[in-house]
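K.L.:
Each chain, written out:
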Amino acid sequence: MKMITAIIKPFKLDDVRDALHEINVDGMTVSEVKGFGRQKGHTEMYRGAEYVVDFLPKIKIEVAVSGEVLDQALEAIMKAAATGQIGDGKIFVTPIEQTIRIRTGESGRDAL
Amino acid sequence: MKMITAIIKPFKLDDVRDALHEINVDGMTVSEVKGFGRQKGHTEMYRGAEYVVDFLPKIKIEVAVSGEVLDQALEAIMKAAATGQIGDGKIFVTPIEQTIRIRTGESGRDAL
Amino acid sequence: MKMITAIIKPFKLDDVRDALHEINVDGMTVSEVKGFGRQKGHTEMYRGAEYVVDFLPKIKIEVAVSGEVLDQALEAIMKAAATGQIGDGKIFVTPIEQTIRIRTGESGRDAL
Amino acid sequence: MEQLTTSVDVLFILLGAILVLFMHAGFAFLEVGTVRHKNQVNALVKILSDLAVSTVAYFFIGYGIAYGVFLGFNLDGALTTAMSERSGYDLVKFFFLMTFAAAIPAIVSGGIAERAKFYPQLLATFFLVALVYPFYEGMIWNGNFGVQDAIESMFGAPFHDFAGSIVVHGVGGWIALAAILLLGAREGRYGPRGHQWAPSSIPFLALGAWILTVGWFGFNVMSAQQVEGIQGLVAVNSLMAMVGGILAATFMGDKDPGFVHNGPLAGLVAICAGSDVVNPLGALVIGLVAGGLFVWAFKWTQNKLKVDDVLGVWPLHGLCGVWGALAAGIFGSTALGGLGGVSFGAQVAGTILGVALAFIGGYVVYALIKSSVGIRLTKEEEYEGADLAIHRIRSTQEH
Amino acid sequence: MEQLTTSVDVLFILLGAILVLFMHAGFAFLEVGTVRHKNQVNALVKILSDLAVSTVAYFFIGYGIAYGVFLGFNLDGALTTAMSERSGYDLVKFFFLMTFAAAIPAIVSGGIAERAKFYPQLLATFFLVALVYPFYEGMIWNGNFGVQDAIESMFGAPFHDFAGSIVVHGVGGWIALAAILLLGAREGRYGPRGHQWAPSSIPFLALGAWILTVGWFGFNVMSAQQVEGIQGLVAVNSLMAMVGGILAATFMGDKDPGFVHNGPLAGLVAICAGSDVVNPLGALVIGLVAGGLFVWAFKWTQNKLKVDDVLGVWPLHGLCGVWGALAAGIFGSTALGGLGGVSFGAQVAGTILGVALAFIGGYVVYALIKSSVGIRLTKEEEYEGADLAIHRIRSTQEH
Amino acid sequence: MEQLTTSVDVLFILLGAILVLFMHAGFAFLEVGTVRHKNQVNALVKILSDLAVSTVAYFFIGYGIAYGVFLGFNLDGALTTAMSERSGYDLVKFFFLMTFAAAIPAIVSGGIAERAKFYPQLLATFFLVALVYPFYEGMIWNGNFGVQDAIESMFGAPFHDFAGSIVVHGVGGWIALAAILLLGAREGRYGPRGHQWAPSSIPFLALGAWILTVGWFGFNVMSAQQVEGIQGLVAVNSLMAMVGGILAATFMGDKDPGFVHNGPLAGLVAICAGSDVVNPLGALVIGLVAGGLFVWAFKWTQNKLKVDDVLGVWPLHGLCGVWGALAAGIFGSTALGGLGGVSFGAQVAGTILGVALAFIGGYVVYALIKSSVGIRLTKEEEYEGADLAIHRIRSTQEH
Ligand SMILES: Nc1ncnc2c1ncn2[C@@H]1O[C@H](COP(=O)(O)OP(=O)(O)O)[C@@H](O)[C@H]1O
Ligand SMILES: Nc1ncnc2c1ncn2[C@@H]1O[C@H](COP(=O)(O)OP(=O)(O)O)[C@@H](O)[C@H]1O
Ligand SMILES: Nc1ncnc2c1ncn2[C@@H]1O[C@H](COP(=O)(O)OP(=O)(O)O)[C@@H](O)[C@H]1O
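Protein chains in written order, with our numbering: chain A, 823 to 934; chain B, 823 to 934; chain C, 823 to 934; chain D, 38 to 436; chain E, 38 to 436; chain F, 38 to 436.
Please note that a few of the clues may not be correct.
Claimed, not checked - No farther apart than 25 Å at their CA atoms in a straight line, the calculated lysine-lysine pairs in the BS3-like style are these: (1) E:K416 x A:K862; (2) C:K882 x A:K882; (3) B:K882 x C:K901; (4) B:K862 x B:K824.
Stated by the list, open to error - Covered by chain B, according to a simulated footprint, are these stretches of chain A (three or more residues, beta-carbon under 8 Å): (5) 890 to 902; (6) 916 to 929.
Said to hold, decoys possible - Partial chain C-side listing against chain A, Cβ under 7 Å, derived: (7) L835; (8) I845; (9) G849; (10) M850; (11) T851; (12) S853; (13) V891; (14) I918; (15) Q920; (16) R923; (17) R925.
Honestly, the hints are just simulated from the structure, not real lab data. By construction, the Cβ of each residue, glycine as well, lies at the ideal position given by its N, Cα and C atoms.
Generate coordinates for the entire structure from the input sequences, incorporating the hints supplied.
P.N.:
This is how it looks when you write it as structure tokens:
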């Protein structure tokens with residue numbers, strides 16, 4: 823079982839979800855995060871004072887998948903999230919040792 | 823050292839915290855996330871236009887525990903978070919290689 | 823490749839970023855979280871009723887680094903985030919199995 | 038000259054109507070700010086729809102019950118005559134008094150917030166404004182049923198309620214109490230794990246309080262109904278009571294924003310009755326007591342009585358209203374610097390009558406509706422919030 | 038006595054000016070609450086800057102076009118005279134009428150929200166208020182070009198538009214339609230994945246609606262311009278139409294907060310024309326129809342016509358304005374309880390003329406600006422939001 | 038007729054009082070929107086409590102110092118007489134003038150926001166309104182101490198300050214400067230890593246500006262104090278200066294919402310003094326200069342002087358007030374189209390006197406309080422925010 827964590831541009835969320843849906847991955851957990859990286863933030867201005875907003879709003883998607891679909895899922899995310907512009911984001915894959923569905927107590931692949 | 827990540831229904835947070843408290847697990851980090859899964863969102867309506875809100879507000883709890891308490895903690899979370907209704911959420915367990923308490927520099931189990 | 827997850831006090835974010843910047847770690851993902859631990863929350867009061875706010879606002883920083891810089895990065899974060907007061911936070915290190923830059927498809931160290 | 042006087046009378050009472058109309062926005066925002074975020078939209082829609090239903094109820098029925106003129110039905114051509122006679126003064130008088138009548142559901146609304154059904158509440162509004170409120174209003178302000186004569190012959194003076202400490206606020210507050218008792222507390226408010234919720238937005242709550250406060254000067258001063266009857270005294274007494282209420286709430290309420298912003302309202306509720314007869318120093322005292330009373334009674338209601346009155350409308354309008362009516366009998370006396378012509382006995386009698394009629398009338402209306410169509414959201418709807426459950430939209434969108 | 042009458046006249050029309058000035062805050066908040074969060078600041082700044090430009094345009098040019106007095110240029114010493122004569126009445130009359138003129142860009146603003154450039158829009162405002170609006174205003178309210186005489190000789194009565202259902206609202210709404218068509222829909226609004234956006238803040242939207250509603254009583258009643266001409270009828274008709282609008286929107290709009298808060302506005306737009314001649318029961322019907330019309334026409338505009346009118350200003354001001362002008366011809370007749378002196382034919386004629394001039398005038402102004410300096414933000418700016426793109430700051434900060 | 042005139046006088050000045058009372062809500066929201074989120078509640082509570090303390094201070098002491106009538110102590114039965122004579126006109130006059138007096142702490146509040154203790158600030162309010170403000174007010178508006186006579190004999194005309202560019206705004210602004218200097222800058226504002234904070238809510242800030250703007254017409258026009266003294270000129274000059282302020286702020290401030298919404302206020306501060314004597318074109322220029330002055334002076338104060346004046350009340354009220362008083366001497370002259378009767382020398386003299394008394398008076402009051410009970414929150418409290426530290430509740434709750 824692997825956890826895919828993808829940091830993407832906010833307006834790409836729908837595309838990524840559609841892409842995962844097509845390969846039958848429907849469960850995921852999403853959060854709003856602030857990204858720092860090569861892509862730079864912007865400057866705001868109020869009554870003559872500058873405010874540097876140095877982060878960019880990003881979306882973090884966490885999807886737990888079984889080993890077999892991992893590559894397919896990575897592929898899907900990459901394709902859907904890419905714009906080719908700086909700041910498209912990253913994908914990290916980390917190991918999951920145990921997965922449980924709270925409602926039923928099922929574990930492993932059945933829990934997804 | 824393991825990291826337990828539990829996605830639960832928001833109104834179950836207090837119960838889960840109480841349950842963990844009973845087994846002396848008091849530290850944890852909580853965030854608000856949006857969940858996609860089998861449980862479906864709802865539809866809103868404004869001046870004749872429909873808005874599909876397809877995610878559900880969920881709470882993500884991250885608790886680092888030492889190996890011995892892991893099972894107990896999982897048990898506690900599962901019991902406290904379950905309603906038996908769809909959307910109760912998931913628990914993921916992942917390995918932690920190092921744990922540090924910033925204030926003291928302590929590491930491993932002492933850092934919790 | 824390792825993922826450093828640090829939970830710190832919000833007003834230390836700039837210091838931590840500066841410290842990481844000095845060792846050439848510029849990419850990171852930040853989110854607002856609520857922390858529970860030894861440091862206690864506060865009590866609010868409204869029209870005679872008390873409200874216990876038992877969590878504390880914290881910042882979660884996630885930084886993916888290659889193995890070589892790990893210790894340096896941990897060191898930097900620890901120094902910058904410490905106030906010596908309770909509630910300074912924790913650092914967790916977890917393994918990353920795969921890292922991808924969405925824009926280019928680069929992976930591993932090149933993806934950072 | 039006569040035309041000018043008439044015209045200025047129309048302007049005068051119209052300004053009152055406009056200011057009190059504005060107060061309804063105040064009611065709305067006081068509620069928006071106090072309820073939980075998930076019930077904000079409902080607060081707004083309720084107040085506006087209630088206002089519309091109130092107008093219709095009062096136009097066709099209520100005004101007739103209070104003053105004998107069923108305008109909406111144009112009996113004896115009353116409406117037609119009013120259109121052109123005296124520059125339409127009688128029409129604007131109706132407008133002015135309607136804004137008072139519509140305060141009844143607006144007051145109740147704050148007490149029953151976060152858990153009442155929508156259309157049944159509109160239905161209650163209709164009956165309250167068509168029947169319950171004008172029944173007592175007519176007794177006190179139009180001499181109906183000889184009630185005032187009876188009080189006068191018993192106590193030497195009629196029941197004095199210049200701008201409605203009892204007629205409007207008392208009645209509204211005690212109807213609200215009946216409604217709240219029948220409706221029951223919000224889920225999770227009391228019981229072993231019961232708790233209170235902090236207000237969703239103190240700025241909106243404060244905005245509501247400000248609008249109410251400012252509009253109140255129309256409520257009180259324009260109650261003279263004719264410009265030549267204007268009394269600077271009424272304005273300054275209102276000011277002084279408002280100030281007393283703020284001070285008491287600031288100090289007794291320990292700078293709590295919820296108390297501080299209800300302070301002026303408490304003082305203003307209490308001064309309505311006697312604003313034309315008490316001395317400004319008396320008004321200050323009336324306001325100080327009202328502010329303190331609200332702080333104490335709100336906590337008492339919530340914690341001891343366990344009455345889940347969300348905005349505290351019963352302490353605010355119900356109890357401060359009672360205090361105001363009694364205070365008019367005390368501070369209105371010449372002995373205490375007032376202009377006289379009031380009797381404490383009469384004040385007690387009128388107050389008891391008003392409170393009783395309001396509570397009973399309110400109880401009957403809400404009990405009937407409860408037992409027929411029901412007045413309460415389901416547990417799930419309440420948990421989801423009235424905004425999504427009733428109006429299918431949330432108050433704000435994430436950005 | 039004469040001095041008193043003059044002074045009260047000044048006060049009277051000044052109160053109207055103050056109330057209508059306040060309405061501009063209402064326009065601002067209605068827009069703030071309706072647009073997406075990233076365009077809130079722009080809504081606020083636009084309305085305020087538009088007001089300033091409008092005043093200048095009307096002071097120097099527009100008022101002269103409508104009424105022959107080019108105050109700003111002090112021709113024949115008109116300004117100097119107005120300063121001291123009749124307690125400055127003529128100056129305040131200008132002020133009052135200017136607040137009407139400035140409603141034009143405020144109406145347009147809500148339609149073109151979230152995608153228009155800033156300075157080009159200010160430029161459009163200048164031309165609209167200096168030329169387009171006063172051209173028709175002068176015809177109807179000042180008898181210019183013999184248009185009213187012609188209508189009267191044809192239909193037996195002049196075009197009756199007491200407070201501007203067409204002169205102000207109709208004209209504003211139809212100019213807005215031209216502007217919206219030239220500007221095009223917001224990115225992502227229509228097309229295969231097109232969708233609508235929920236309002237950023239219903240409380241702010243409601244605040245705007247409340248302020249507009251309250252101020253409207255100044256808009257309508259003070260249109261008498263002199264205190265001795267005050268008509269209580271106008272006030273109560275406004276109330277009734279407002280109530281009708283709320284009721285229709287509540288029931289037909291199924292408690293939708295967006296409809297419910299536009300309901301009073303729809304009723305009030307419609308009642309402007311005939312508020313001095315129709316019967317209050319007629320006014321209630323006018324309001325009910327207007328409320329229903331808005332609910333229906335808003336959906337129709339959005340879904341069938343695919344006109345991206347963000348606040349729905351064309352249905353609100355444009356269509357309810359037309360309905361109001363026609364309704365004055367219907368319900369104003371003595372047969373239907375009105376005071377008479379109106380002709381349906383005249384109402385049709387005046388309405389068509391107003392709508393045509395507004396649409397054409399608006400089209401020319403926006404087309405010229407579009408083809409010269411451009412009126413639309415770039416895609417990137419629109420995506421980023423007008424607040425950051427134009428004003429370089431966001432509406433609120435995280436806490 | 039006499040009764041009618043008296044009654045209308047009461048109404049007239051009462052409308053002024055109501056409008057200026059409303060302005061206090063404007064002060065509150067301007068501050069709410071400008072401060073950081075963690076200090077919003079404090080802004081609201083402060084303004085309301087300050088108003089209450091001001092009323093008491095002015096009723097018992099301040100009004101007596103300015104006008105010789107210690108109403109609150111009912112000396113010679115002044116209060117008793119005022120209750121019934123002339124329909125209570127004298128009481129409402131007190132109310133009206135009190136709302137001016139209470140503007141002093143409301144102005145100061147915006148300068149010292151986010152770091153001042155609560156009760157010590159209330160104490161300062163008491164002394165400012167009881168002593169400092171009325172001392173100068175009485176000199177200028179009541180001829181106390183022969184100051185006006187002296188100025189007149191020196192310059193041929195008394196110091197002309199119709200509605201308080203200096204008496205109210207100048208005094209408030211310069212007291213604020215003293216308070217700000219004694220209080221010191223907010224933690225983190227200056228120094229090596231020092232920075233400014235963006236406003237928490239531009240909509241609330243704009244709401245405050247709108248309310249202030251609208252209420253200001255009562256502030257200026259009703260300064261005539263009697264209806265027969267009403268001047269349409271005052272209203273239109275206020276309008277023109279307001280418009281000038283908006284335009285200058287829009288263009289010079291590059292559409293910055295903070296500047297644009299302070300623009301009308303800058304113009305209105307500046308026009309107070311001469312609104313009854315200058316020409317509307319002069320008023321436009323006065324407003325344009327005031328708007329530009331504010332934009333420039335705000336940046337200068339913040340960046341060069343490093344004075345941490347949170348809302349910019351010193352540039353706004355202090356400097357634009359000075360400009361307004363001087364401008365009355367310039368544009369009020371007949372040579373520049375004004376009505377004459379003013380002297381530039383007198384304006385300079387009166388201004389210097391006002392500024393000096395205000396700064397010194399303010400300095401003494403705040404220095405005494407600073408050295409006795411202290412005026413500043415601790416670092417920890419400031420970091421936590423005044424809402425939690427003082428009022429123990431946050432402005433809004435997460436949803
Ligand atoms: N080392 C890192 N650890 C965690 N998150 C990172 C790291 N580097 C970048 N990110 C995240 O990825 C986002 C995009 O990175 P950026 O360098 O701006 O562009 P790109 O993805 O095109 O290389 C950042 O905003 C941040 O959220
Ligand atoms: N594959 C997944 N990866 C990450 N989070 C998931 C995944 N599947 C579900 N979740 C999270 O768990 C929540 C509950 O899942 P859902 O399928 O609705 O119900 P249940 O937990 O009863 O199976 C989701 O809202 C989402 O936050
Ligand atoms: N076991 C844990 N798992 C995850 N997060 C934790 C854990 N314990 C503490 N934290 C996080 O670290 C923060 C600081 O912990 P706390 O016990 O208050 O102080 P300290 O870091 O000084 O030991 C908490 O607010 C919480 O966010």
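K.L.:
When the structure is checked against the list of hints, which entries are broken? Sort them ascending.
P.N.:
3, 4, 5, 7, 8, 13
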